[in-house]
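Enquirer: Each chain is listed here by its residues.
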Amino acid sequence: MADIRTTIAGLQMVNPVMTASGTFGYGLEFADLVDLSQIGGIIMKGTTLHPREGNDYPRMAETASGMLNCVGLQNKGVDYFCEHIYPQVKDIPTNMIVNVSGSSPEDYAECAARINELEQIPAIELNISCPNVRQGGMAFGVTTEGASQVVRAVRKVYDKTLIVKLSPNVTSIADIARSVEDAGADAVSLINTLMGMAIDIERRRPRLSINTGGLSGPAVKPVAVRCVWQVAKAVQIPVIGLGGIMTAEDAIEFFMAGASAIEIGTGNFIDPAISVKVAQGISDWLDRHGCKTLEAIRGVI
Amino acid sequence: MADIRTTIAGLQMVNPVMTASGTFGYGLEFADLVDLSQIGGIIMKGTTLHPREGNDYPRMAETASGMLNCVGLQNKGVDYFCEHIYPQVKDIPTNMIVNVSGSSPEDYAECAARINELEQIPAIELNISCPNVRQGGMAFGVTTEGASQVVRAVRKVYDKTLIVKLSPNVTSIADIARSVEDAGADAVSLINTLMGMAIDIERRRPRLSINTGGLSGPAVKPVAVRCVWQVAKAVQIPVIGLGGIMTAEDAIEFFMAGASAIEIGTGNFIDPAISVKVAQGISDWLDRHGCKTLEAIRGVI
Amino acid sequence: MGNMKQCKDLRIVAVEHPNDGYVLLKLTDAEPLPAIRAGQFVEIKVEGSPQTFLRRPISVNFVDEERNELWLLIQVVGEGTRHLSRLQVGDTLNVLFPLGNGFTQGVSGEQVLLVGGGVGIAPLLEYAKQLRQVGATPYLLLGGRSASNLLQLDLFRQYGEVYVTTEDGSMGEQGFVTNHSVLESFASSPLGGTRGGARISCCGPKPMMMAVARWAKQHGVRCEVSLENLMACGLGACLCCVEKTVRGNVCVCKEGPVFDINELTWQI
Amino acid sequence: MGNMKQCKDLRIVAVEHPNDGYVLLKLTDAEPLPAIRAGQFVEIKVEGSPQTFLRRPISVNFVDEERNELWLLIQVVGEGTRHLSRLQVGDTLNVLFPLGNGFTQGVSGEQVLLVGGGVGIAPLLEYAKQLRQVGATPYLLLGGRSASNLLQLDLFRQYGEVYVTTEDGSMGEQGFVTNHSVLESFASSPLGGTRGGARISCCGPKPMMMAVARWAKQHGVRCEVSLENLMACGLGACLCCVEKTVRGNVCVCKEGPVFDINELTWQI
Numbered sequence: 091m092a093d094i095r096t097t098i099a100g101l102q103m104v105n106p107v108m109t110a111s112g113t114f115g116y117g118l119e120f121a122d123l124v125d126l127s128q129i130g131g132i133i134m135k136g137t138t139l140h141p142r143e144g145n146d147y148p149r150m151a152e153t154a155s156g157m158l159n160c161v162g163l164q165n166k167g168v169d170y171f172c173e174h175i176y177p178q179v180k181d182i183p184t185n186m187i188v189n190v191s192g193s194s195p196e197d198y199a200e201c202a203a204r205i206n207e208l209e210q211i212p213a214i215e216l217n218i219s220c221p222n223v224r225q226g227g228m229a230f231g232v233t234t235e236g237a238s239q240v241v242r243a244v245r246k247v248y249d250k251t252l253i254v255k256l257s258p259n260v261t262s263i264a265d266i267a268r269s270v271e272d273a274g275a276d277a278v279s280l281i282n283t284l285m286g287m288a289i290d291i292e293r294r295r296p297r298l299s300i301n302t303g304g305l306s307g308p309a310v311k312p313v314a315v316r317c318v319w320q321v322a323k324a325v326q327i328p329v330i331g332l333g334g335i336m337t338a339e340d341a342i343e344f345f346m347a348g349a350s351a352i353e354i355g356t357g358n359f360i361d362p363a364i365s366v367k368v369a370q371g372i373s374d375w376l377d378r379h380g381c382k383t384l385e386a387i388r389g390v391i
Numbered sequence: 091m092a093d094i095r096t097t098i099a100g101l102q103m104v105n106p107v108m109t110a111s112g113t114f115g116y117g118l119e120f121a122d123l124v125d126l127s128q129i130g131g132i133i134m135k136g137t138t139l140h141p142r143e144g145n146d147y148p149r150m151a152e153t154a155s156g157m158l159n160c161v162g163l164q165n166k167g168v169d170y171f172c173e174h175i176y177p178q179v180k181d182i183p184t185n186m187i188v189n190v191s192g193s194s195p196e197d198y199a200e201c202a203a204r205i206n207e208l209e210q211i212p213a214i215e216l217n218i219s220c221p222n223v224r225q226g227g228m229a230f231g232v233t234t235e236g237a238s239q240v241v242r243a244v245r246k247v248y249d250k251t252l253i254v255k256l257s258p259n260v261t262s263i264a265d266i267a268r269s270v271e272d273a274g275a276d277a278v279s280l281i282n283t284l285m286g287m288a289i290d291i292e293r294r295r296p297r298l299s300i301n302t303g304g305l306s307g308p309a310v311k312p313v314a315v316r317c318v319w320q321v322a323k324a325v326q327i328p329v330i331g332l333g334g335i336m337t338a339e340d341a342i343e344f345f346m347a348g349a350s351a352i353e354i355g356t357g358n359f360i361d362p363a364i365s366v367k368v369a370q371g372i373s374d375w376l377d378r379h380g381c382k383t384l385e386a387i388r389g390v391i
Numbered sequence: 011m012g013n014m015k016q017c018k019d020l021r022i023v024a025v026e027h028p029n030d031g032y033v034l035l036k037l038t039d040a041e042p043l044p045a046i047r048a049g050q051f052v053e054i055k056v057e058g059s060p061q062t063f064l065r066r067p068i069s070v071n072f073v074d075e076e077r078n079e080l081w082l083l084i085q086v087v088g089e090g091t092r093h094l095s096r097l098q099v100g101d102t103l104n105v106l107f108p109l110g111n112g113f114t115q116g117v118s119g120e121q122v123l124l125v126g127g128g129v130g131i132a133p134l135l136e137y138a139k140q141l142r143q144v145g146a147t148p149y150l151l152l153g154g155r156s157a158s159n160l161l162q163l164d165l166f167r168q169y170g171e172v173y174v175t176t177e178d179g180s181m182g183e184q185g186f187v188t189n190h191s192v193l194e195s196f197a198s199s200p201l202g203g204t205r206g207g208a209r210i211s212c213c214g215p216k217p218m219m220m221a222v223a224r225w226a227k228q229h230g231v232r233c234e235v236s237l238e239n240l241m242a243c244g245l246g247a248c249l250c251c252v253e254k255t256v257r258g259n260v261c262v263c264k265e266g267p268v269f270d271i272n273e274l275t276w277q278i
Numbered sequence: 011m012g013n014m015k016q017c018k019d020l021r022i023v024a025v026e027h028p029n030d031g032y033v034l035l036k037l038t039d040a041e042p043l044p045a046i047r048a049g050q051f052v053e054i055k056v057e058g059s060p061q062t063f064l065r066r067p068i069s070v071n072f073v074d075e076e077r078n079e080l081w082l083l084i085q086v087v088g089e090g091t092r093h094l095s096r097l098q099v100g101d102t103l104n105v106l107f108p109l110g111n112g113f114t115q116g117v118s119g120e121q122v123l124l125v126g127g128g129v130g131i132a133p134l135l136e137y138a139k140q141l142r143q144v145g146a147t148p149y150l151l152l153g154g155r156s157a158s159n160l161l162q163l164d165l166f167r168q169y170g171e172v173y174v175t176t177e178d179g180s181m182g183e184q185g186f187v188t189n190h191s192v193l194e195s196f197a198s199s200p201l202g203g204t205r206g207g208a209r210i211s212c213c214g215p216k217p218m219m220m221a222v223a224r225w226a227k228q229h230g231v232r233c234e235v236s237l238e239n240l241m242a243c244g245l246g247a248c249l250c251c252v253e254k255t256v257r258g259n260v261c262v263c264k265e266g267p268v269f270d271i272n273e274l275t276w277q278i
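For the record, the sequence lines run as chains A, B, C and D.
Residue numbers 91 to 391, in our numbering, belong to the letters of the first sequence in order.
Residue numbers 91 to 391, in our numbering, belong to the letters of the second sequence in order.
Residue numbers 11 to 278, in our numbering, belong to the letters of the third sequence in order.
Residue numbers 11 to 278, in our numbering, belong to the letters of the fourth sequence in order.
Looking at chain A on its own, in the form it has when it is part of the complex:
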């Protein structure tokens, strides 16, 4: 049977399937429905230095083969996380990763430093691409200067695995990827959501409270595969691919495009056990095709 254990910049995973931030809560919400130990890693919801109420309702709109959201980083802040959530999640038998957002390089760094102290958090995913809050890092994620500035600040204070999540809402995602690699990122994950909008024509107003939101789901998969392919050719560090993955076959596309691991986001809303099913499906696909490991197909395109 194929060996799909995966290591991303020192982060060891039972398989290459992770759950994307904001789509799997803190893992606890899914404990009844899926064996969490069979997931490569759980990237918990976005955490910021200070508590955030997030955006007003409505925050979601269904679109063709996808959905828009504008949650806006609702969270109780890093202190609350450390004191109340960490104790509940630290013993979940998989990689529990914190997604970190902020409004300034200092914010990011301070939040990351606090999490650096948490023994059982082996990595963070830096969200420099949230499209849904004015100060959600999108501003940083769309310029090479801004991106490397944040990553350098965090790298100084964070010594475990540092993943940086990239935005597809840029002219050249490869340039951004190179800049965060140079700034010390251990890996990049992409794509974050595509900025979109939907209008309720009967009420004559946007379907989302802040007008625009992030598009995710199968609709964006072709854009995600393209971005992963471009970035994998541009950087040496591992690339974690995400964007509309619903099946093992979808995941294989990302591996062939150059991804070392994948994240499942919106798919968790359709099938809470999708991550484990996809992981099993990847293993089965490799067996059917006589591949011993993912390296046999990774980046073949």
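None of these hints come from the bench; they were simulated from the model.
Take the hints with a grain of salt, since some may be wrong.
As the list claims (entries may be wrong) - Here are the simulated lysine to any residue pairs, SDA-like style, with alpha carbons at most 25 Å apart:
| hint | chain 1 | residue 1 | chain 2 | residue 2 |
| --- | --- | --- | --- | --- |
| 1 | A | Lys367 | A | Tyr147 |
| 2 | C | Lys254 | A | Lys367 |
| 3 | B | Lys166 | D | Leu274 |
| 4 | A | Lys367 | A | Gln102 |
| 5 | B | Lys323 | A | Leu118 |
| 6 | B | Lys367 | D | Ala40 |
| 7 | D | Lys216 | B | Lys382 |
| 8 | C | Lys55 | A | Ile360 |
| 9 | C | Lys55 | D | Ala40 |
| 10 | A | Lys166 | C | Lys55 |
| 11 | C | Lys15 | C | Gly31 |
| 12 | C | Lys55 | D | Leu274 |
| 13 | D | Lys264 | B | Ile182 |
| 14 | C | Lys254 | A | Tyr147 |
| 15 | D | Lys15 | D | Glu265 |
| 16 | C | Lys216 | A | Asp146 |
| 17 | C | Lys264 | A | Ser299 |
| 18 | D | Lys216 | B | Glu292 |
| 19 | A | Lys166 | C | Asp39 |
| 20 | B | Lys382 | A | Glu292 |
| 21 | D | Lys264 | B | Lys323 |
| 22 | C | Lys18 | A | Leu123 |
| 23 | C | Lys55 | A | Pro183 |
| 24 | C | Lys264 | A | Ile175 |
| 25 | B | Lys367 | C | Val87 |
| 26 | A | Lys323 | B | Arg295 |
| 27 | A | Lys166 | C | Gly258 |
| 28 | D | Lys264 | B | Pro177 |
| 29 | D | Lys264 | B | Leu118 |
| 30 | C | Lys55 | A | Gln128 |
Predicted model only: the values in this text are computed from it and were never measured.
With the hints as your guide, set chains B, C and D onto chain A.
Expert: Frame of chain A, contents of chains B, C and D only:
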């Protein structure tokens, strides 16, 4: 009954529905299936100064609620158009518009100048955003300098309605729009396709001959509505919206986002008569909602 | 285990069409269904419906313990629900359940006025049953646009007195539930209510729930409402279905869907 | 008018399942169907199939003028075709047709060898009929993986001699069509063909058509093949289904789907 006659920078149309370049041929291909006189305007396939063979097969891949294409501006060149195609299309009773592409500002200008001489071509759509050819203008469309350079060159030699088609594959489409407005564009149309990729995992190769292609269809509609909303707020010239429109309700979203007219692209492949049905549906919707003209809802968001 | 969430294909044993606008699906499973509290809901996956990408939250209409059946009463509005209305006996439906917290659990001897409007009436049937089971006394005040929107009345009558209003007067008293003559008797005793001490549980369109909440507040009656915010995951993960409360934004799917009106920030 | 393209809902009058792998849909219309040339195709819209966004090109299997029926023989491979296989008599199917140019129209007295493989056999039935109608003599050489892939043989026999090959030997001669013993007799007379002067029309998987084209070239026989490139519009507008020819890239949907092998740039 609502009056949906529309004028875009001097271009008078029986309704605000146009067919997008590359999806409706020269109109002739659809003559059996739809009353061409009931379409606001037909934007004919991309024309370049010199003939182009386009890209190799395969050029198309179906995706979730959309499709990828990499046709690559296959056309017989502007001379052939003027001598052989223009005579066949000039008397089609609607606005016959030529989509112009090129590899250099000089190419664009020379091609536009030739078409400027054709009495019954009231407008051109400048394609500075084709993602499918190395020299397809994408390079121009993704920077404000490149975009305005091409538009200025064409504006010098073209004195009829000049529409510029914008790419969504940029960090700020509003900036590009402002630059082409300053350079003399009479209107902008958006969005061109999103750059995407799909992989045939059994054959272990991209589904498209040149690896990547342009994503269109309902999947991209939320991105298109967002772009139209951003651009309509950024410029004074009319905005023509397109991207995944399949129904009159979809079109109404674009008008509410600020569009003065719309184009239907991929939808023509699903229903050859969709443009006329959408035009009728827009009129019916306005009647049902007591609107005398599109101005009653345009840009209400 | 008994009330752990599960996500599985349930078998359809009956598809009833009370009228054109509704479909009643009766589902069963090889294993005993988990314990379900009245007011909890399920998220169903609509297969083969291009317009329906996300799951759809549906309230639990009734649980038939003897037959091990779960009933879902669905109003046919869009393409997704039209698809559900075409399901056949023997088909399966993928269901994620039970979700959310239900209505306040009843205590023996208490009186509870269940106020429902439109398809919001559905979950009140199971609630009326559960209240009766613990020895509480449910009263039903049900409103609809017209008689065709008022279903399962015979079943409701098994559990308590039923009062009806319709906007077109085709059944019961004409008007909205808040216009019904019986309502006065549920005011708090100090305010002259002959059934003082009763509390209200309400489910229906938001304007109707706000009107009921306003009345309850004015008449010193405890009141809870069941919200139907747009949601994706149903598990408290996506944070899309939030409602502003005195505790800040909370997920309707996880902290709700039932809230005491004093927890909400409604302007009433 | 008689052969103008049209896009309309046709009514399904029969749904036959020759075996698990195929479905035969018989469609009709209130008005007389347009004139259809053998080898032309239709583009159908698959409703309610989330995985199927674009229309699907399907070759015309047979036209029953008396019954005003259009037959489509579809191999059930993906989600879209599975959907088609579940259609019921009375349902409608939206069809864009007739599309493309068909096979070379027959002339009285000529002999034509129709070579088909797999589902590519389907359009040859209508072609055999039309050849017979003009007084030409069709011969059928049909190949499949196994007997279950060879359908409608009785119908084919009404129009000409039928020769069969199967890869597993379950019917006819074992091997590929190019291995069939009868083939030699169709070589050009100078090369000893007893049926010299016959031409070949071929439809099937590309490797099979290339093998047939190679044989035809080597044996001095005129040969045309029907291509199945991926396409979107079917009208020559999207330029997605292009094939490289001696004239450059041309649309298979409009200039084809049938091409003389000398027009193509195949390396044979």
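Enquirer: So, for every hint listed, does it hold in this structure?
Expert: Results for each hint:
1. A:Lys367 to A:Tyr147: violated, 32 Å
2. C:Lys254 to A:Lys367: violated, 36 Å
3. B:Lys166 to D:Leu274: Holds. Lys166 (chain B) to Leu274 (chain D) sits at ~20 Å (cutoff 25 Å).
4. A:Lys367 to A:Gln102: holds, 20 Å
5. B:Lys323 to A:Leu118: violated, 43 Å
6. B:Lys367 to D:Ala40: Cα-Cα ~23 Å, so holds.
7. D:Lys216 to B:Lys382: violated, 57 Å
8. C:Lys55 to A:Ile360: OK: Lys55 (chain C) and Ile360 (chain A) at ~7 Å, within 25 Å.
9. C:Lys55 to D:Ala40: violated, 38 Å
10. A:Lys166 to C:Lys55: violated, 32 Å
11. C:Lys15 to C:Gly31: violated, 30 Å
12. C:Lys55 to D:Leu274: violated, 49 Å
13. D:Lys264 to B:Ile182: holds, 21 Å
14. C:Lys254 to A:Tyr147: holds, 8 Å
15. D:Lys15 to D:Glu265: Holds: Lys15 (chain D) and Glu265 (chain D) sit about 15 Å apart, inside 25 Å.
16. C:Lys216 to A:Asp146: holds, 17 Å
17. C:Lys264 to A:Ser299: With Cα atoms ~21 Å apart, Lys264 (chain C) and Ser299 (chain A) stay inside 25 Å; holds.
18. D:Lys216 to B:Glu292: holds, 18 Å
19. A:Lys166 to C:Asp39: violated, 40 Å
20. B:Lys382 to A:Glu292: holds, 16 Å
21. D:Lys264 to B:Lys323: Status violated; Cα separation ~43 Å.
22. C:Lys18 to A:Leu123: holds, 10 Å
23. C:Lys55 to A:Pro183: Answer violated: Lys55 (chain C) to Pro183 (chain A) is near 29 Å, above 25 Å.
24. C:Lys264 to A:Ile175: holds, 17 Å
25. B:Lys367 to C:Val87: Roughly 24 Å between the alpha carbons, so the hint for Lys367 (chain B) and Val87 (chain C) holds.
26. A:Lys323 to B:Arg295: holds, 16 Å
27. A:Lys166 to C:Gly258: Within the cut-off at roughly 11 Å; holds.
28. D:Lys264 to B:Pro177: Measuring from Cα to Cα gives roughly 21 Å; hence the hint holds.
29. D:Lys264 to B:Leu118: holds, 12 Å
30. C:Lys55 to A:Gln128: Answer holds: Lys55 (chain C) to Gln128 (chain A) is near 24 Å, not above 25 Å.
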